[in-house]
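As given, the protein sequences belong to chains F and X, one line each in that order. Note that the first sequence covers residues 33 to 143 in my numbering. Note that the second sequence covers residues 1249 to 1359 in my numbering.
Treat the hints as calculated values from the structure; they're not laboratory data. Please read these numbers as outputs of a predicted model, since none were measured by experiment.
Derived lysine-lysine pairs resembling BS3-like cross-links, with alpha carbons at most 27 angstroms apart:
1. K130(F) with K102(F)
2. K1305(X) with K34(F)
3. K74(F) with K34(F)
4. K1257(X) with K130(F)
Among chain F residues calculated to face chain X with C-beta under 10 angstroms, some are:
5. P40
6. M66
7. Y68
8. P76
9. A122
10. S124
11. F133
12. G134
Some residues of chain X that are not near chain F, with every Cβ distance over 10 angstroms (derived):
13. L1261
14. Q1265
15. A1272
16. V1308
17. S1323
In this text, a Cβ means the ideal position worked out from N, Cα and C, and glycines have one as well.
For reference, the chains in residue letters:
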Amino acid sequence: QKEVEQDPGPLSVPEGAIVSLNCTYSNSAFQYFMWYRQYSRKGPELLMYTYSSGNKEDGRFTAQVDKSSKYISLFIRDSQPSDSATYLCAMSLSNDYKLSFGAGTTVTVRA
Amino acid sequence: NAGVTQTPKFQVLKTGQSMTLQCAQDMNHNSMYWYRQDPGMGLRLIYYSASEGTTDKGEVPNGYNVSRLNKREFSLRLESAAPSQTSVYFCASMAGKRTQYFGPGTRLLVL
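Please model the entire structure based on the sequences and the hints provided.
Right, dumping it as structure tokens:
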């Protein structure tokens, strides 16, 4: 079993829809949780960063962490064709320099 | 401010050939990383360097070597390339709060 599980999709939604992405993990010691966005043939770029549990909002993006369920989510409101990308979750321990990544979910927003 | 740069962008090798992938960052980060990305596998850590003068193995180090030349530069060497090393390689550097910044990637094809 992988340490971080993420449904690879693909996910296709119409413009304006809410996109819901999630990851589950097995290591309850993870403290830092991130979402990266990767456009085709580009490097990943950090989208959202959360420490421990709770919600974080940034414009149309909301990240949620539920440590009791070992589950994290990313919601994209009012999705746009420019949101079409692969979204990777990542997490790390408090005393570690390494990140553990999910496999990524490919999202297409149809105009 | 270029961020993380990688050279070359694309390379074709024959089985058994060697090559070095170069990475440099201008953000004064202490930690640097090499990943490979394969379809359905997400990002897998090959080697990392928590600080200048140190290197450590990641999840998939076999067939690779690294050199942390100075604080800015971290190179990845394939001594005898194999078709299984066909992949997209990403270099990253990390700021203190677990935020990793990625380069644009090197696409490697081993025939």
